[in-house]
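Participant: Now for the letters of each chain:
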Amino acid sequence: MAVSMQVDIVSAEGEIFSGKAEMLFAQAADGEVGIMPHHTQFLSQLKPGTVRVVSGDEEDHFYISGGIIEIQPSMVTVLADSAIRAADLDEAQANAAKQRAVEAMDNAKSDTDIARAQVELAEAVAQIQAITKLRDRLHKTGMA
Amino acid sequence: MAGGSKEIRAKISSVTNTKKITKAMEMVAASKMRKAQARMEATKPYVEKVKRVIAHVAGAHPEYKHPYTQPRATVKRVGLVVISSDRGLCGGLNSNLFRAILPKLKAWQEQGVVVELALVGNKSQTFFRSYGGNVIATVSDLGDTPHIGDLVGTIKVVLDKFDQGDIDEVHLASNEFVNTMTQKPTVQMLVPLQAEENTNDGQWDYLYEPDAPTALNLLMRRYIEATVFGAVVENASCEQGARMVAMKSATDNAGDMINELKLSYNKARQAAITAEISEIVAGSAAV
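If you read the sequences in order, they're chains A and B.
Every letter in the first sequence is one number past the one before it in our numbering, and letter 30, counting from 1, is 30.
Here our numbering runs 1000 ahead of the position in the second sequence, where the first position is 1.
Check before you lean on any hint, since a few could be wrong.
Claimed, not checked - Here are a few chain B residues that face chain A, going by a calculated C-beta distance under 7 Å: (1) Ala-1038; (2) Ala-1042; (3) Tyr-1046; (4) Lys-1049; (5) Val-1050; (6) Gln-1125; (7) Phe-1127; (8) Thr-1138; (9) Leu-1142; (10) Pro-1210; (11) Leu-1218; (12) Leu-1219.
Claimed, not checked - As a list, the in silico BS3-like pairs of lysine-lysine whose alpha-carbon atoms are at most 25 Å apart: (13) B:Lys-1248 - A:Lys-98; (14) B:Lys-1044 - A:Lys-47; (15) B:Lys-1161 - A:Lys-98; (16) B:Lys-1248 - B:Lys-1035.
What the hints assert, rightly or not - Covered by chain B, according to a simulated footprint, are these stretches of chain A (three or more residues, beta-carbon under 8 Å): (17) 26 to 35; (18) 41 to 55.
Because the hints were derived from the structure by calculation, they are not lab data.
Cβ coordinates follow ideal geometry from the N, Cα and C atoms, glycine included.
Could you build the full structure based on these sequences and the hints that come with them?
Facilitator: Shown next as structure tokens:
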């Protein structure tokens, strides 16, 4: 029986694989790497591609759209991205977030207008109620 | 008297309708909470594994130290990421969080520290719109199944500011899910990372691909994204839990109110009948 290492493949939205394996292949930043137990410490960006996990006669394939691989002598951790990532895509989303912040502050006026209208409405209702009560009381005392 | 009982009857039917709605909302929240909790559990392995890798990195003896692990000497500006819900009717969930944030904001203000806000969720936007504050990024309408992709832009705005030296610390304010009944508002420091105690004794360093800054930068960013995403998912569980409890008490209150109204309705009815009988008796006695 060959020596094995602990392999964990996770993404932000769930666990993908966890178990023992004898060998693992992945697309690291500078090309494909094959990892066996007692590999030296290694940290790399992962390119989109397949991660192959070999244990005994079984071989599992996982497609990941990018991420990070960390290797310790007795374990391998693959942190897979759950969303498709690219620098310009991230940039576009950052700009969208900024834009929303600006818009949210611009909308402040219309929202305060609504809030003010609500307060005025509540005051008017309270006044009507007060008048009605007063009239009722006058009515009753008039009757008596 | 008949008019009074008619009014009470109308009120009973309106309260009954309200009770039906709150009961339905309670049950919807209960079912959504179970799903939200499952999603919360699903995000945990990733955060744990990233933390483990970061602990390994902290245990190594790298030549390159990443800026996110280095506290800055002077803190002049801080970024605060606030995670709130999109919708209301969830008890004091959001207001408790804002109440926990305010002392922090005051303390920073006293020290002359400028706060830049990144807001997740409609409720925090509404709050800071009236409270005031320097908002640099917002995201809302994440729905019941938030995706990490929706948060990337907002986090990037904050981290880019940190990279450029515009802000010196990043804090995260969100609700912690203790159990269905209890949510705990927390404010924690996100950047610089508080590295765990160095337990490894080895004098080793990683082999990096393509190079140390790129690989570590990616790792740190993924860690922060995962932490914020985890907080968003946890907040979603809190929201459903709080809503369930709030709607349950509303349903109970509506039930009590209906009972009281029924009692006064019956009293009014009884009085009307008594009056009618005495009128008939008086009438027959007169004949």
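Participant: Evaluate each hint against the coordinates.
Facilitator: Each hint, compared with the structure:
1. Below 7 Å, beta-carbon pairs count as interface contacts, and Ala-1038 (chain B) has none with chain A, the closest being about 10 Å; its hint is therefore violated.
2. Interface hint at Ala-1042 (chain B): satisfied, since its Cβ lies 4 Å from the closest Cβ of chain A, which is below the 7 Å cut-off.
3. With 7 Å as the threshold, the beta carbon of Tyr-1046 (chain B) comes within range of chain A, its nearest partner Cβ sitting at about 4 Å, so the hint holds.
4. Taking 7 Å as the C-beta contact cut-off toward chain A, the hint placing Lys-1049 (chain B) at the interface holds, the least distance being around 5 Å.
5. The beta carbon of Val-1050 (chain B) is positioned within 7 Å of a beta carbon in chain A (closest approach about 6 Å), and the interface hint is therefore held.
6. The closest approach between the C-beta of Gln-1125 (chain B) and any C-beta of chain A is roughly 5 Å, which is under the 7 Å cut-off, so the hint is satisfied.
7. Restraint check, Phe-1127 (chain B) versus chain A: the minimum CB separation of about 11 Å is more than 7 Å; hint violated.
8. Interface hint at Thr-1138 (chain B): satisfied, since its Cβ lies 5 Å from the closest Cβ of chain A, which is below the 7 Å cut-off.
9. Because the closest C-beta pair between Leu-1142 (chain B) and chain A is about 13 Å apart, greater than 7 Å, the hint is violated.
10. Evaluation of the Pro-1210 (chain B) hint against chain A yields a held restraint, the C-beta minimum of about 4 Å falling below 7 Å.
11. Against a cut-off of 7 Å between C-beta atoms, the interface hint on Leu-1218 (chain B) holds, since the closest Cβ of chain A lies about 5 Å away.
12. At about 6 Å, the closest approach between the beta carbon of Leu-1219 (chain B) and any beta carbon in chain A falls short of 7 Å, and the interface hint on this residue holds.
13. Distance restraint check for Lys-1248 (chain B) and Lys-98 (chain A): the Cα-Cα separation of roughly 39 Å exceeds the 25 Å cut-off, and the hinted pair is therefore not satisfied.
14. Only pairs whose Cα atoms come within 25 Å are accepted, and Lys-1044 (chain B) paired with Lys-47 (chain A) is accepted, the gap being roughly 24 Å.
15. With a CA separation close to 12 Å, the supplied pair Lys-1161 (chain B) and Lys-98 (chain A) stays within the 25 Å bound.
16. Annotation: proposed proximity of Lys-1248 (chain B) to Lys-1035 (chain B) holds, straight-line Cα distance about 19 Å (limit 25 Å).
17. Given as covered by chain B, the stretch 26 to 35 of chain A passes the check, having 3 residues with a CB less than 8 Å from a CB of that chain where 3 are the minimum.
18. Closer than 8 Å: that is the beta-carbon criterion, and the stretch 41 to 55 of chain A has 5 residues meeting it against chain B, so the requirement of 3 holds.
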